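Novice: The chain contents come next:
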Amino acid sequence: MSDVIEALVEREYAFGFHSDLDTDLAPKGLDEDVVRLISAKKGEPEWLLEWRLAAFCHFLTLEEPTWSNVHHPPIDYQDMHYWAAPKPKPQLASLDELDPEIRATFDKLGISLAEQERLSGVAVDAILDSVSVATTFKAKLAEAGVIFCSFSEAVREHPDLVRKYLGSVVGYRDNFFAALNSAVFSDGSFCFIPAGVRCPMELSTYFRINAAQTGQFERTLIVAEEGASVSYLEGCTAPMRDENQLHAAVVELIALDDASIKYSTVQNWYPGDADGKGGIYNFVTKRGRCAGARSKISWTQVETGSAITWKYPSVILQGDDSVGEFYSVAVTTNHQQADTGTKMIHIGRNTRSTILSKGISAGHAQNTYRGLVKILRSATGARNHTRCDSLLIGPECGAHTFPYVEVKNDTAQVEHEASTSKIGEDQLFYCRQRGLTEEDATSMIVNGFCREVFDELPMEYAVEAQALMRVSLEGAVG
Amino acid sequence: MLHIANLRASIAGKTILNGLDLDIAAGEVHAIMGPNGAGKSTLANVLAGRDGYVVSGEATFEGVDLLALAPEDRAAVGVFLAFQHPVEIPGVGNMYFLRSAVNVVRAKRGLPEIGAMDFLGVAKEHMARLEMDPAFLSRSVNAGFSGGEKKRNEILQMSMLEPRLAILDETDSGLDIDALRIVAQGIERLRSPDRSMLIITHHPRLLDDVRPDYVHVLSGGRIVRSGDHHLAAELEANGYTSTLAAVPA
Ligand SMILES: Nc1ncnc2c1ncn2[C@@H]1O[C@H](COP(=O)(O)OP(=O)(O)O)[C@@H](O)[C@H]1O
Ligand SMILES: [Mg+2]
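Protein chains in written order, with this note's numbering: chain A, 1 to 478; chain B, 1 to 249.
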C-alpha cells in the first residue's frame, strides 16, 4: 500500500514542457485600458467593447468568493498578463501555415492537428494561450451548416448570433470570475448547429496555457437550434511553472426545442508539484440552458489536473420535459483541491435530472462535491436522482459532500445516495494474488470505480480518460 | 515441492503461527483442519504474501523462497489462493479481470498472450463444467454474487490460471449440497501430478469427494497431528478438543 501512496505523491506531470514561442504580451495588470486594449487588438465592434466595460465596472464592485472548500493565498489580479498571443498573430488560410513551434507543441500533446483532420474525423479548435490557432474540418462542417470557429472569428463573421446569445446563460453579473472573464476574455470557441442538423462529427477544443504569468480567459458558446444535436469535447493542459496561473473560463450552452448537447471535458491542467507549489487555478463557470421543450444537456467531466478546481457545470431546465445530466470524475492527489459539482435548476414541467459524481483523493488532497438541486414551484412532476461516491487512497486525504436541495413543488421526486470507500488492502491483495502488480491493481480498481462515468464519454475519449487516470495515479512520466 | 519449516507469523503483536512445519510433494493433496481462530487463514495469507504479518522461518516452493517475493511474483511462480472471503471489485468486468490475470502470469512465464476470443471460448467451457451462467463474465468481479457464486468464481479463476500450488481456504464453507459437489468436482479435476494442493476445510464431507493424501490438524500455531482421511472422520466424530487430548502433542 505504501508504495502506491509514494507513487501517487511522486506523481509527475507529463505535459509540463513549455514552447519557445515569440509571444505578444499585454503589460501586467488590469484596468480599463487593458480591457480596451484587448478589444482593440481583436478589432471588435463597439457593442462588444461596451459589454466588456460594463462587465469590468461590475467586476470592480465584487469581492472574490470565499464560500468554497478550497484554500489558496490571495490572488493578485494586478500581477498577471491578461493578453498573450503567439506572434505573428495567426491569420491562417490553411493548417500548413501554422507556426512549426505551435505545431510541435500540439504534436507533443498528442494532438497532431493534421493527423486529426485526416484520420480521426474529429474537428479540433486549438487554443494556445489566448488565441485560437487552428480549426480543422471547417469546410466539411460548413456543408452541414454547422459553424465551428474561434470566438473572435464568430464575432467578425456571425456578429448577430454572438450578440443574441453571448451572456444569455452566464451573464457578467453571475459571479466574480464570470465578471472577470466577460471583461477580459481573449478567445474561445463558437459552435452553432442549425435546426434539424445532427452535427456530423465530434467537435473538440484543446486549450493550452503556454506563456508565463498569464491568465487564460476563454469563452465557449454553443447553440443547438430546434432538433439539432452535437457532442463536444474540451481538453486542457499547461506547462509546469512555479507560480500559480489563473484559468477563468466561461462556457454557455443553449438547447432549443428537441435539441441535445453533450459536453465532455478531460481537464489535465498542471496540478503543481508534490509540495503543492505551482499549478493552475481552474475557476470556471459552465452552464447550459435547456430553453426548449424536450431538450437535453449532458455534462461529462474527467478532472485530473489543476492545483485548484472550482467549477459547477449546471443546467437550467426551462423547457417542459427537458433533461439535464452531470457525470463527473474528479481526481485529486498531492496537494490538489477540487470543489466541484453541479446545479440543476428545474423550472419546466416534468423536467428530469441525473447527477453522478465520483471523487477520488490521494496524498493530502481534498475533494469536495457541492451540488444544488432546485425545484421551482412551476416544475410539476420534476425528478432528480443524485449519487455521490468517494474513493480514498491513503490515510491523509479527504472527501466532502455538500448536497443542497430546495424543493418548492410537492409533486417533485428527489433522491440522493452517497458512499465513501477506501481502496482496500483486501482488494489490492486479491488482485496481486492473481498476478497483477500493485500499480495495475490500483489503476484497475480506480477505473472500475469510474466506469459508469467513463461510459458516458465518447468512445475514443473513454480510452484516453482511462490512460490519463493511470498516469495521474501512478507517477508515470510520458 | 512446498517446504515449510519453523514458520512463525504474528500480527498486531499476537503470535498466530508458532513454528509450523509442513511438506507437500508434487501431485499431493493435503487437507488442513483446525478449530476457528487456529491460524488456518493466516497460513494461507502468509504463503500468498499478504502484508501486515511479521514472518520468520522458511517457506519454499520448488526451491524458490516464497517469503522473499511480492504477492504477484508468487502468483507467477504458480501460487494460487482461493479466498475464504473473495472481495468485490465494482466496475471491473469479471472476464477482463480474469484475462488480465491469466495474461500477466503467462507473460511472466514467457508464454504468449491469449486473445479475447480464445479466452472467451476456454472460459465458457470451464463455466459450463462449474454450472455457471456465462453472464457472470460480463458482471463486475464478485459484485453482488451470492456466497456460493463467489466460491465457484474462485474455482473458475483457479481452473484458468492453472496454478502449481493451489491453496483453498474454506472454499466449501457456506455451500449447499449441490454446489459442494460441483466445487469438489472442480477441485478434483485440477488434481494432477505436477500440482500440489492445500485444502483448508471444516467439513469431512468435502474430503469424501476430494480424497486427500494427508490430513493435518492445526492448533496452537502448529501442526499437532497428521494422518490420512480417517483422521477427518475421527475429528468429525469426536471434535477437536477430545481428539487432540487423546494424543500427547
Ligand atoms: N489483523 C489482525 N489483528 C489481530 N488479530 C488477528 C488479525 N487477523 C487475524 N487475527 C487473529 O489471528 C487468529 C487466527 O486467525 P485466522 O488465521 O483467520 O484463523 P482461522 O482461519 O484458523 O479461523 C485469530 O485469533 C484472529 O482473531
Ligand atoms: Mg479462516
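Hints were generated in silico from the structure; no laboratory data involved.
Computed from a predicted structure; not experimentally measured.
Heads up, some of the hints might be wrong.
Stated by the list, open to error - Below, a list of computed lysine to aspartate or glutamate pairs in the EDC-like style, where the Cα atoms sit at most 20 angstroms apart:
no., chain 1, residue 1, chain 2, residue 2
1, B, Lys108, A, Glu225
2, A, Lys164, A, Glu225
3, A, Lys422, B, Glu88
4, B, Lys108, A, Glu438
Unchecked claim - Derived CB-CB ranges, DEER-like:
no., chain 1, residue 1, chain 2, residue 2, range
5, B, Ser138, A, Ala467, 16 to 24 angstroms
6, B, Glu113, A, Arg173, 53 to 61 angstroms
7, B, Ile11, A, Thr420, 38 to 46 angstroms
8, B, Glu113, A, Glu396, 23 to 31 angstroms
9, A, Glu396, B, Ser226, 29 to 37 angstroms
10, A, Glu396, B, Pro134, 37 to 45 angstroms
11, A, Glu226, B, Gly121, 45 to 53 angstroms
12, A, Cys57, B, Ala143, 28 to 36 angstroms
13, A, Ala418, B, His85, 20 to 28 angstroms
14, B, Gly110, A, Pro65, 58 to 66 angstroms
15, B, His85, A, Glu417, 23 to 31 angstroms
16, A, Asp426, B, Leu111, 27 to 35 angstroms
17, A, Pro73, B, Ala143, 25 to 33 angstroms
Unchecked claim - Over 12 angstroms on every C-beta distance to chain B, these chain A residues come out as not near it, computed from the model:
no., residue
18, Asp76
19, Phe402
20, Arg451
For every residue, glycine included, the Cβ atom is placed at its ideal position computed from N, Cα and C.
Novice: Decide, hint by hint, whether the structure agrees.
Specialist: Against the structure, the hints come out as follows:
1. With a C-alpha separation of about 56 angstroms, the suggested pairing of Lys108 of chain B with Glu225 of chain A is violated against the 20 angstroms cut-off.
2. This hinted pair checks out: Lys164 of chain A and Glu225 of chain A have alpha carbons roughly 13 angstroms apart, not beyond 20 angstroms.
3. For the suggested pair Lys422 of chain A and Glu88 of chain B, the alpha carbons sit about 13 angstroms apart, so the restraint of at most 20 angstroms is met.
4. Restraint check: the Cα-Cα separation between Lys108 of chain B and Glu438 of chain A comes to about 15 angstroms, which is no more than 20 angstroms; the hinted pair holds.
5. Range check, Ser138 of chain B to Ala467 of chain A: Cβ separation about 23 angstroms, and the 16 to 24 angstroms hint holds.
6. One distance hint, 53 to 61 angstroms for the beta-carbon pair Glu113 of chain B and Arg173 of chain A, holds here, with the actual separation near 59 angstroms.
7. For the hinted restraint 38 to 46 angstroms between Ile11 of chain B and Thr420 of chain A, the CB-CB distance of approximately 26 angstroms leaves it violated.
8. With their beta carbons about 38 angstroms apart, Glu113 of chain B and Glu396 of chain A fall outside the hinted range of 23 to 31 angstroms.
9. Checked against the hint of 29 to 37 angstroms, the C-beta distance between Glu396 of chain A and Ser226 of chain B comes to roughly 48 angstroms, which is inconsistent with it.
10. Between Glu396 of chain A and Pro134 of chain B the C-beta distance comes to about 43 angstroms, which sits within the given range of 37 to 45 angstroms.
11. The hinted window of 45 to 53 angstroms between Glu226 of chain A and Gly121 of chain B holds, with their beta carbons roughly 50 angstroms apart.
12. The hinted range of 28 to 36 angstroms is not satisfied by Cys57 of chain A and Ala143 of chain B, whose Cβ atoms lie roughly 56 angstroms apart.
13. Between Ala418 of chain A and His85 of chain B the Cβ separation comes to about 25 angstroms, which falls inside the hinted range of 20 to 28 angstroms.
14. For the pair Gly110 of chain B and Pro65 of chain A, the supplied restraint of 58 to 66 angstroms holds, since their beta-carbon distance comes to about 59 angstroms.
15. For the pair His85 of chain B and Glu417 of chain A, the beta carbons lie near 25 angstroms from each other, so the given range of 23 to 31 angstroms is met.
16. Take Asp426 of chain A and Leu111 of chain B: their Cβ atoms lie about 29 angstroms apart, and the range 27 to 35 angstroms holds.
17. Between Pro73 of chain A and Ala143 of chain B the beta carbon distance is about 44 angstroms. The supplied range of 25 to 33 angstroms is therefore violated.
18. A cut-off of 12 angstroms between C-beta atoms confirms that Asp76 of chain A is not in contact with chain B; the least separation is 43 angstroms.
19. Look at Phe402 of chain A: its CB is around 24 angstroms from the nearest CB on chain B, clear of 12 angstroms, so calling it non-interface holds up.
20. Residue-level check failed: Arg451 of chain A sits 3 angstroms from the nearest beta carbon of chain B, not beyond 12 angstroms.
Consistency with the previously given hints fails for numbers 1, 7, 8, 9, 12, 17 and 20, ordered from lowest to highest.
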